[in-house]
Amino acid sequence: MSIVLVLLVVVPLATTVLCAFASHRVSAAATVVTGLAAFAGAVALVPTVSTRTITAIGYLRADALSVVFLLATCFLYAVTAIYSVGYLRTAGAAGDEEEERRAYFAQHSRRFFLGFNAFAWSMMCAPLVNGMALLWIAVEITTVISALLVALENTEGATEAAWKYVLIASSGLGIGLLATIFMYFAGAQVLGQSYDLAFDPLLAAAGRLPDTPVRLAFVLAVVGYGTKVGLFPVHTWLPDAHAEAPTPVSALLSGSLLAVSFYAILRYYQVATGALGVRFPQMVLLVFGVLSLLLAALYLLEQQDIKRMLAYSSVEHMGILAIAVSFGAPMALTGALLHVLAHAAAKGNAFMGAGVLVRKFGTKELDRMADGVRLLPWSGPLLVATVLSLCAMPPFGLFRSEFQIVAGGFGNRHNAATAVLVVLVTVAFLGLSLSTTRILFRVRPLTADAYHDVENLAIGEPSWWMVVPTVAGVLVLLMLGLIPPDQLLDLLSHAASTLHGGPA
Amino acid sequence: MSVLAAAPTAPSVFDGFANAVALVVLLLEFGMLRASLLRAQVRLYAGQSLAVSVLAVVVAIGHHVPELYVLAALSLALKVIVVPLLVMRLLRDADAEIAGSGALGVASEVLISIVVAAFGFFAVGVLNIHSNVLPTAALSLSIAVVLVAFILMVVRRDVVSQAIGFFSLENGVSLASLVVASGMPLILEVAFLFDLLVAVVVFGVLMRTHQRRSRSLSTEHLDRLRG
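Protein chains in written order, with the working numbering: chain A, 37 to 540; chain B, 129 to 355.
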């Protein structure tokens with residue numbers, strides 16, 4: 037299986053290089069094929085990693101925990117690659133000269149596919165590399181590539197969002213680098229000076245690591261990588277970047293990048309629980325999680341912009357993840373990992389659906405949209421299903437995962453925290469579902485001068501390339517909710533056991 | 129003062145010299161904070177990077193760690209020459225007059241930074257993290273550098289100062305890594321530096337985009353996205 041690991045790291049990189057030279061058609065085809073192949077590769081790893089850890093060429097390593105995050109990333113890579121084809125086709129701005137437009141489109145699409153593949157590649161590397169230092173490097177690469185992608189649309193909003201994003205996220209990762217060197221210092225006390233922060237020796241030695249440096253490294257890691265996860269109070273870049281990025285990139289940012297950064301925190305959590313016991317790390321995660329959830333739930337109630345609304349919903353779900361891990365019960369941990377997968381599918385779908393609405397109505401403001409279900413006979417109902425699943429309604433995957441988290445919380449006697457979780461999730465549900473049902477079902481937009489725009493719209497989808505991936509997403513959500521495959525459940529429970537203080 | 133008093137005997141020449149260089153790094157950070165001209169700020173950054181490289185050489189000589197020579201040479205080439213040159217070129221192309229973009233007066237900025245730096249210095253001092261490579265005071269100083277770099281990014285309202293703030297934050301982290309992680313395998317250190325290079329290029333691209341779009345380096349009107 038080591039060969040799959042190597043291929044997963046090499047092939048997307050090769051596609052990236054290809055996209056730098058090839059024409060639009062070739063790049064699009066190569067991107068779609070690579071995305072699907074990457075997902076197939078990630079699925080192929082599932083049965084093996086449920087029983088043992090795979091390593092390759094010294095620097096690559098995959099265990100159950102990393103494959104969970106790899107699956108989320110590769111699934112989104114595949115569906116957003118298909119979506120991108122339609123997204124770029126419908127992107128041409130009207131009114132320009134044909135020749136000029138074609139030249140602009142060629143350049144734009146080349147930059148898009150180049151950045152898109154590089155971004156997906158860096159996010160696949162992060163869970164596959166072996167060691168805290170390499171993990172930091174991979175996460176830093178995701179930051180710089182995605183900052184360029186956020187700036188791609190070249191509007192004033194995009195420039196502002198990209199600058200805030202790169203500055204805040206890089207500073208956060210500066211703190212993450214401090215965490216890395218303090219973790220190195222802690223490890224060096226036991227393992228000697230010349231070790232390279234690989235996971236297995238570090239986890240094996242976790243019980244003997246000195247207390248203070250590990251404590252320091254864990255808190256610095258939660259703050260540092262938490263900047264990229266979008267935990268309060270270092271989440272401020274997140275709504276800007278998600279709202280201004282091209283839609284396929286927003287979907288990847290939200291469903292995959294945040295999760296991959298959370299994976300980095302989980303690696304520190306593993307070492308910290310080994311060295312310090314579970315109490316301190318769980319307390320830190322609980323505080324950050326509850327604050328993030330509270331902030332997101334309140335912002336969701338009063339949101340004007342459809343993509344910002346979904347971005348705050350991501351903050352909400354990352355808060356849920358942090359709280360779930362802080363419960364520490366095996367059931368809650370399994371639920372948290374299932375939540376990673378289900379959130380990736382649901383949020384990717386929601387952003388893709390929102391992207392169709394934005395294309396259709398030509399605006400991101402919720403007040404100027406209406407009647408989505410009639411105007412978009414496929415995307416409208418699909419978005420309803422997606423938002424219901426984001427609100428953790430049965431029969432979708434997020435219902436199962438949040439149910440497990442809540443059950444695990446009550447089972448492990450975290451009654452107060454679990455009650456807070458349920459209340460805040462309900463508030464977020466209210467905000468999210470009210471806004472979306474309004475734009476989909478009300479007959480007229482709220483803003484009077486948009487009446488005319490909406491009435492003149494013809495019924496129909498902008499592009500079928502933008503519908504097919506959302507259908508796939510809803511099917512996956514149903515599968516995760518109703519009939520999750522046994523091998524996947526094996527993988528999740530095995531991954532949860534590595535977080536539960538057990539041996540890696 | 130427990131940090132300084134902890135040393136039972138007078139510090140050796142090596143320790144004294146290392147502490148002095150670490151202190152120079154912190155003083156240059158303060159210099160960047162109060163420099164109102166962007167060019168001056170970039171020069172101070174180059175000086176600070178030079179000080180960090182010198183310290184790497186000092187550690188390499190004092191403790192016979194040959195890898196650190198390579199690291200020092202690379203960081204000299206990158207942080208003392210390449211990065212300042214790139215930023216200077218941007219400033220020349222932008223041709224924008226920005227002086228004193230601070231949100232506060234220089235005196236208040238420096239006072240706040242002194243408080244923050246003292247907090248960082250003493251907070252790390254009581255953690256009792258001892259390395260056998262460099263004196264603990266150097267670690268405390270490096271954390272102070274990181275905190276003052278944050279203040280620099282917070283109070284300045286132009287893209288160049290904010291970027292320089294981030295680069296100098298990275299200098300602070302490099303200083304800390306010399307104290308507690310000087311034995312880290314060379315390949316990782318080189319990878320970190322390479323990463324910094326990529327980040328610098330991206331910062332440069334975004335600074336240029338910003339400058340083309342708004343015809344200035346100021347970030348004062350970057351306040352449309354909120355809520």
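No lab work stands behind these hints: they were computed from the structure.
C-beta atoms are modelled at their ideal positions from N, C-alpha and C, and glycine is treated no differently.
Honestly, I wouldn't trust all of these hints.
[As the list claims (entries may be wrong)] Every beta carbon over 10 Å from chain B, so not counted as near; a handful from chain A, in silico:
1. 58
2. 65
3. 76
4. 135
5. 177
[As the list claims (entries may be wrong)] Covered stretches of chain B, going by a simulated chain A footprint (3 or more residues, C-beta under 8 Å):
6. 235-244
7. 272-282
8. 346-353
[Said to hold, decoys possible] Footprint (simulated), chain B over chain A, 3 or more residues, beta carbon under 8 Å:
9. 87-99
10. 183-197
Comparing the hints with the structure gives:
No beta-carbon of chain B is positioned within 10 Å of the beta-carbon of residue 58 of chain A; the least distance is around 23 Å. The claim that residue 65 of chain A lies off the interface holds: its Cβ sits roughly 28 Å from the closest Cβ of chain B, which is beyond the 10 Å cut-off. With a least CB separation of 30 Å from chain B, residue 76 of chain A remains clear of the 10 Å interface cut-off, as annotated. The beta carbon of residue 135 of chain A is kept farther than 10 Å from every beta carbon of chain B, the shortest such distance being approximately 23 Å.
With a least CB separation of 7 Å from chain B, residue 177 of chain A falls inside the 10 Å interface cut-off, contrary to its annotation. Coverage of a stretch by a chain is defined here by at least three residues with a beta carbon nearer than 8 Å to that chain's beta carbons; for the region 235-244 of chain B and chain A the count is 0, and the condition is violated. Under the rule that three or more residues need a Cβ within less than 8 Å of chain A, the assignment of the region 272-282 of chain B holds, with 3 such residues. Proximity of the region 346-353 of chain B to chain A, defined as three or more residues with a beta carbon under 8 Å from a beta carbon of that chain, is established by the 4 residues found.
Here the region 87-99 of chain A counts 0 residues with a CB under 8 Å from a CB of chain B, which misses the bar of 3, and the coverage is violated. Only when three residues or more bring their CB closer than 8 Å to a CB of chain B does the claim for the region 183-197 of chain A stand; here the count is 9, and the claim holds.
The structure does not agree with the numbered hints 5, 6, 9 stated previously, though it agrees with the rest.
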